Amino acid sequence: MNRLIVYFALLLYHSRRYKKAKQFARDLLFDQNNIYKKYFDLTIIFLVITSVFILIYEVKHEVPRWLDNYDIYFVSIVFAIEYMLRLWVHNDLSVMIINEYNDAKFLGKDFNVFRVLKKGLYQKLKYMITPSAIVDLLAILPAYRPLRILRVFILFRVFKLLRYTKSINQFVDVITTKKFELLTLLFLLFFIVFTSGIAIYILEADKNPHIHTLFDGIYWAVVTVATVGYGDIAPVTDVGRAISILIIISGIAMISFVTSIIVSAFSERLYEIKEHKVVTELNKSRSFLVICGYGQLAKMFLRQNRKNIDNHVIIDNNLQRVIEAKKSGYVAIHDNASSYATMSKFDAENSDITVLALTASDVENIYIALNVRSISRKIRLVGRVNDPENIDKFRHAGVDEILIPNIVANTMVYTAITQPTMYKAIHAILTGKGVANIDEIHVHQSHGIAGRAIKELHFKESKLLFIGIQREKEFIFNPPSSEIIQPHDILLVMGRKISLDYFKSIHKGNINV
Numbered sequence: 001m002n003r004l005i006v007y008f009a010l011l012l013y014h015s016r017r018y019k020k021a022k023q024f025a026r027d028l029l030f031d032q033n034n035i036y037k038k039y040f041d042l043t044i045i046f047l048v049i050t051s052v053f054i055l056i057y058e059v060k061h062e063v064p065r066w067l068d069n070y071d072i073y074f075v076s077i078v079f080a081i082e083y084m085l086r087l088w089v090h091n092d093l094s095v096m097i098i099n100e101y102n103d104a105k106f107l108g109k110d111f112n113v114f115r116v117l118k119k120g121l122y123q124k125l126k127y128m129i130t131p132s133a134i135v136d137l138l139a140i141l142p143a144y145r146p147l148r149i150l151r152v153f154i155l156f157r158v159f160k161l162l163r164y165t166k167s168i169n170q171f172v173d174v175i176t177t178k179k180f181e182l183l184t185l186l187f188l189l190f191f192i193v194f195t196s197g198i199a200i201y202i203l204e205a206d207k208n209p210h211i212h213t214l215f216d217g218i219y220w221a222v223v224t225v226a227t228v229g230y231g232d233i234a235p236v237t238d239v240g241r242a243i244s245i246l247i248i249i250s251g252i253a254m255i256s257f258v259t260s261i262i263v264s265a266f267s268e269r270l271y272e273i274k275e276h277k278v279v280t281e282l283n284k285s286r287s288f289l290v291i292c293g294y295g296q297l298a299k300m301f302l303r304q305n306r307k308n309i310d311n312h313v314i315i316d317n318n319l320q321r322v323i324e325a326k327k328s329g330y331v332a333i334h335d336n337a338s339s340y341a342t343m344s345k346f347d348a349e350n351s352d353i354t355v356l357a358l359t360a361s362d363v364e365n366i367y368i369a370l371n372v373r374s375i376s377r378k379i380r381l382v383g384r385v386n387d388p389e390n391i392d393k394f395r396h397a398g399v400d401e402i403l404i405p406n407i408v409a410n411t412m413v414y415t416a417i418t419q420p421t422m423y424k425a426i427h428a429i430l431t432g433k434g435v436a437n438i439d440e441i442h443v444h445q446s447h448g449i450a451g452r453a454i455k456e457l458h459f460k461e462s463k464l465l466f467i468g469i470q471r472e473k474e475f476i477f478n479p480p481s482s483e484i485i486q487p488h489d490i491l492l493v494m495g496r497k498i499s500l501d502y503f504k505s506i507h508k509g510n511i512n513v
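Under our numbering, the first residue of the sequence shown is numbered 1, with each subsequent residue one higher.
Just so you know, the hints here were simulated from the structure itself, not pulled from any lab data.
Since the model is a prediction, treat every value here as computed from it, not as a measurement.
Honestly, I wouldn't trust all of these hints.
[Claimed, not checked] Calculated cross-link-like contacts (lysine-lysine; reagent style DSSO-like; alpha-carbon spacing at most 27 Å): (1) K20 - K109; (2) K378 - K277; (3) K22 - K37; (4) K38 - K284; (5) K22 - K424; (6) K274 - K207; (7) K424 - K455; (8) K455 - K378.
[As the list claims (entries may be wrong)] The following label-pair restraints were derived from C-beta to C-beta distances: (9) S287 - S260: 40 to 48 Å; (10) F194 - T227: 35 to 43 Å; (11) Y340 - T415: 13 to 21 Å; (12) V78 - T280: 23 to 31 Å; (13) E281 - V78: 29 to 37 Å; (14) P209 - I249: 52 to 60 Å; (15) E281 - F477: 29 to 37 Å; (16) F194 - I245: 37 to 45 Å.
Beta carbons: idealized from backbone N, C-alpha and C, even for Gly.
Model the full structure from these sequences, guided by the hints.
As structure tokens, then:
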């Protein structure tokens with residue numbers, strides 16, 4: 001039996017189709033970035049709403065047979081499948097069996113497959129008794145309802161909205177952060193209600209015609225402390241009225257306390273909720289820019305490229321700088337950019353991300369680079385170096401492009417003093433304020449200009465000046481006309497905007513500019 005179960009577990013363990021199916025189910029149920037999850041959630045919400053509507057409608061009307069079958073069979077079967085999927089992806093018995101088998105083989109111990117199965121099934125059982133799993137199970141029961149009373153379980157389907165409605169989930173998360181305070185107030189409320197109910201029962205059971213049992217006293221206390229005051233039960237003695245005054249004041253105080261706790265919880269989480277929304281919207285984009293640090297360099301970059309930057313976010317751990325960035329019209333969040341948890345929020349698998357590490361600290365920029373590289377090699381990473389001695393460290397950290405603002409600034413200042421005409425020309429070209437512009441042409445694997453010689457592109461006919469090629473870590477200045485252009489090269493050209501547009505139109509579909 002052991003061999004048979006291990007053999008079956010090995011089949012599942014090495015089956016790509018099985019792993020792919022299980023990962024798809026897990027992503028569909030839990031991954032907010034999954035493109036199908038939104039439609040799945042909306043479908044479940046629709047089924048819940050229609051099911052409850054049918055329950056309400058049949059109170060006064062006869063439900064058509066097809067609608068009843070839809071509710072009994074279709075809705076319940078979908079919920080049953082969802083419940084089984086959640087139970088299936090909760091853990092992986094095949095992985096547990098193989099891991100335990102390999103450990104036992106390595107240590108030379110006897111392998112007991114039933115012990116592993118017991119452990120795996122126990123984990124699933126623990127999941128089955130969680131509140132959310134119980135709600136999912138009760139939502140299925142109306143399908144098996146020869147008794148009309150089982151229809152009441154349809155109301156449990158409403159609780160499924162807690163799982164699929166984001167705003168409700170956020171509200172529950174906020175309340176959970178104040179669990180200790182709210183439980184303390186709940187215990188105090190229970191004490192007041194129970195004590196007052198007993199007191200009014202003892203004092204007025206033989207005098208008040210509306211109080212016959214202890215439950216009547218408890219009911220009166222709950223209605224009074226909630227300041228509802230139905231009026232169906234009212235104290236008739238002076239002591240009873242005095243108790244009413246005390247619990248009414250207590251009720252008002254309790255409501256005030258609860259309200260202040262919830263408001264303070266929302267205030268504390270407001271930034272987090274807004275920032276989560278910003279990250280979610282960015283992850284829907286095909287490409288976006290992440291700017292780490294809102295210092296002078298970041299301000300200059302954004303000021304000069306504001307029209308060209310659509311999807312972006314600024315991350316800074318200084319709240320004042322974040323507020324300043326927002327006032328300037330930029331998207332900014334208050335967080336630690338050097339934290340892995342912060343950078344891992346961005347969807348590097350499905351989006352083209354560029355990260356600019358522009359903080360004033362080399363150590364922080366290196367931490368940003370290391371975390372980004374640990375997340376994905378696909379992310380383009382640009383890092384600011386303040387001390388030139390740290391350049392090698394930045395390269396080892398995986399930074400694609402290195403900025404050395406101090407050296408660049410010193411060079412430009414020196415040029416402005418010694419060669420002012422050259423400085424004006426360079427400044428005009430770099431800022432795009434002159435007649436000529438400098439542009440980059442990115443060559444990809446499938447582009448038609450890859451594998452062609454420079455002379456075949458006829459830059460002069462397009463009135464362009466070819467400056468050089470960036471190839472991996474090396475820049476080739478003024479290469480020979482016979483030089484072959486390779487995939488992933490970056491060509492640097494200069495000319496008037498009309499010339500650049502003409503060259504792009506000739507090679508449209510062959511280049512990415």
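Next on the checklist: Just to be careful, I want the Cα atoms of K455 and K378 compared with a cutoff of 27 Å; is the pair within it?
Outcome noted: violated, 32 Å
Checklist entry - Is 52 to 60 Å a correct range for the gap between the Cβ atoms of P209 and I249? => result violated, 27 Å
Next on the checklist: Hint check: K22 vs K424, CA-CA at most 27 Å. Holds or violated?
Outcome noted: Not OK: K22 and K424 at ~62 Å, beyond 27 Å, violated.
Checklist entry - Is 29 to 37 Å a correct range for the gap between the Cβ atoms of E281 and F477? => result Violated: the Cβ-Cβ distance is about 42 Å, outside 29 to 37 Å.
Checklist entry - At the C-beta level, are F194 and T227 separated by a distance inside 35 to 43 Å? => result Violated: the Cβ-Cβ distance is about 18 Å, outside 35 to 43 Å.
Checklist entry - Taking the beta carbons of F194 and I245, is their distance inside 37 to 45 Å? => result Violated, at about 18 Å.
Next on the checklist: Is 23 to 31 Å respected by the C-beta to C-beta distance linking V78 and T280?
Outcome noted: With Cβ atoms ~27 Å apart, the hint holds.
Next on the checklist: For a C-alpha distance cap of 27 Å, please report whether K38 and K284 respect it.
Outcome noted: Holds, at about 12 Å.
Next on the checklist: Would the hint linking K20 and K109 be met if the CA-CA limit is 27 Å?
Outcome noted: violated, 33 Å
Checklist entry - Given the hint that K378 pairs with K277, does the C-alpha gap stay at or below 27 Å? => result holds, 24 Å
Checklist entry - Under the criterion that the straight-line Cα-Cα distance not exceed 27 Å, is the pair K22, K37 satisfied? => result Status holds; Cα separation ~15 Å.
Checklist entry - Using the C-beta atoms of E281 and V78, is the stated range 29 to 37 Å upheld? => result holds, 30 Å
Going through the hint list in order, the structure does not satisfy hints 1, 5, 6, 7, 8, 10, 11, 14, 15, 16.
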